[in-house]
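Residues per chain are reported as follows:
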Amino acid sequence: MDGKAKLFEVTTRALSVDEVVGRLSDPANGAVIAFVGVVRNETDGRKVLYLEYEAYPEMAEPTLQQIGDEIRQRWKTVREVTIVHRVGRLDIGETSVVIAISAAHRSEVFDAVRYAIDRLKEIVPIWKKEVWTDGSEWRSEHA
Amino acid sequence: MKVTVRLFAAPREALGTGTVEQELPSGSTLQDLLDALLERFPTLRPYAPVCHFALNRCHTTCDPELHDGDEVALIPPVGGG
Chain A
152 MDGKAKLFEV TTRALSVDEV VGRLSDPANG AVIAFVGVVR NETDGRKVLY
202 LEYEAYPEMA EPTLQQIGDE IRQRWKTVRE VTIVHRVGRL DIGETSVVIA
252 ISAAHRSEVF DAVRYAIDRL KEIVPIWKKE VWTDGSEWRS EHA
Chain B
5 MKVTVRLFAA PREALGTGTV EQELPSGSTL QDLLDALLER FPTLRPYAPV
55 CHFALNRCHT TCDPELHDGD EVALIPPVGG G
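Residue numbers (the numbering used here), protein chains in the order written: chain A, 152 to 294; chain B, 5 to 85.
If you are wondering where the hints come from, they were derived from the structure by calculation, not from laboratory data. All values reported here derive from a predicted model rather than from experimental measurement. Glycine included, every Cβ here is placed at the ideal spot set by N, Cα and C. Wrong hints could be hidden among the right ones.
Stated by the list, open to error - Each pair of labels, with its calculated beta carbon distance range:
#1 A:223 / B:47: 41 to 47 Å
#2 A:163 / B:60: 35 to 41 Å
#3 B:21 / A:220: 31 to 37 Å
#4 A:198 / B:6: 44 to 50 Å
#5 A:243 / B:52: 44 to 50 Å
#6 A:176 / B:71: 38 to 44 Å
#7 B:47 / A:198: 36 to 42 Å
#8 B:67 / A:244: 27 to 33 Å
#9 A:198 / B:67: 19 to 25 Å
#10 B:29 / A:223: 26 to 32 Å
#11 B:8 / A:283: 50 to 56 Å
#12 A:257 / B:36: 18 to 24 Å
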């Protein structure tokens, strides 16, 4: 990696939670909370074979950055935010997204992490196709 | 003038490509582009009512005038995470 890793990234590479958490480097951090999204083996009782994620990367990365900005405005004690989302074909058990947020103390970070994943699902131009044994569908909670 | 249209997810699959170029008379707006696209690609019609639009990578809710070289994206309901 050349110099500092990107804090807001869409990538086709496999995600490492340690590597993403390591992008938060402020020595004043006393707590880091990470959310890890993992591909599940069923949805609404249907067996999932794998997922396909697709992004509009030129817009998705700035939108992830926007979520980071929103968080720092709402939670003044938050020090750093990183959100890395993987795209392409992901098998069961693979990591689709890692969100890590740091602060001097833990208390406010929990709410900020929840806000980040909710907001990501709501506004970031990333799409998820579920492929089942008997079909497939692009899914959204905001149709 | 010519604009680039980016497609993703279900409408991209329906059309079989993620990028199309569209010629338009100068002075055309986003709505004119949509009308031209749906005329040219009827397969996109079911998706138009649920899509948002981004002009040069910013969400737009109005009907802006387009310019040569603009990039317009059809944004179906998102669902990352």
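Results for each hint:
1. A:223 / B:47: 41 to 47 Å: holds (43 Å)
2. A:163 / B:60: 35 to 41 Å: About 24 Å separates the Cβ atoms of residue 163 (chain A) and residue 60 (chain B), which means 35 to 41 Å is violated.
3. B:21 / A:220: 31 to 37 Å: holds (34 Å)
4. A:198 / B:6: 44 to 50 Å: Cβ of residue 198 (chain A) to Cβ of residue 6 (chain B): about 45 Å, so the range 44 to 50 Å holds.
5. A:243 / B:52: 44 to 50 Å: violated (34 Å)
6. A:176 / B:71: 38 to 44 Å: Once the Cβ atoms are compared, 42 Å apart, the range 38 to 44 Å for residue 71 (chain B) and residue 176 (chain A) holds.
7. B:47 / A:198: 36 to 42 Å: At 30 Å between Cβs, range violated.
8. B:67 / A:244: 27 to 33 Å: violated (45 Å)
9. A:198 / B:67: 19 to 25 Å: Violated - the Cβ-Cβ distance for residue 198 (chain A) and residue 67 (chain B), about 44 Å, lies outside 19 to 25 Å.
10. B:29 / A:223: 26 to 32 Å: With a Cβ separation near 45 Å, residue 29 (chain B) and residue 223 (chain A) fall outside 26 to 32 Å, so the hint is violated.
11. B:8 / A:283: 50 to 56 Å: Since the Cβ atoms of residue 8 (chain B) and residue 283 (chain A) sit about 34 Å apart, the hinted range of 50 to 56 Å is violated.
12. A:257 / B:36: 18 to 24 Å: violated (53 Å)
The earlier numbered hints that this structure contradicts are 2, 5, 7, 8, 9, 10, 11, 12.
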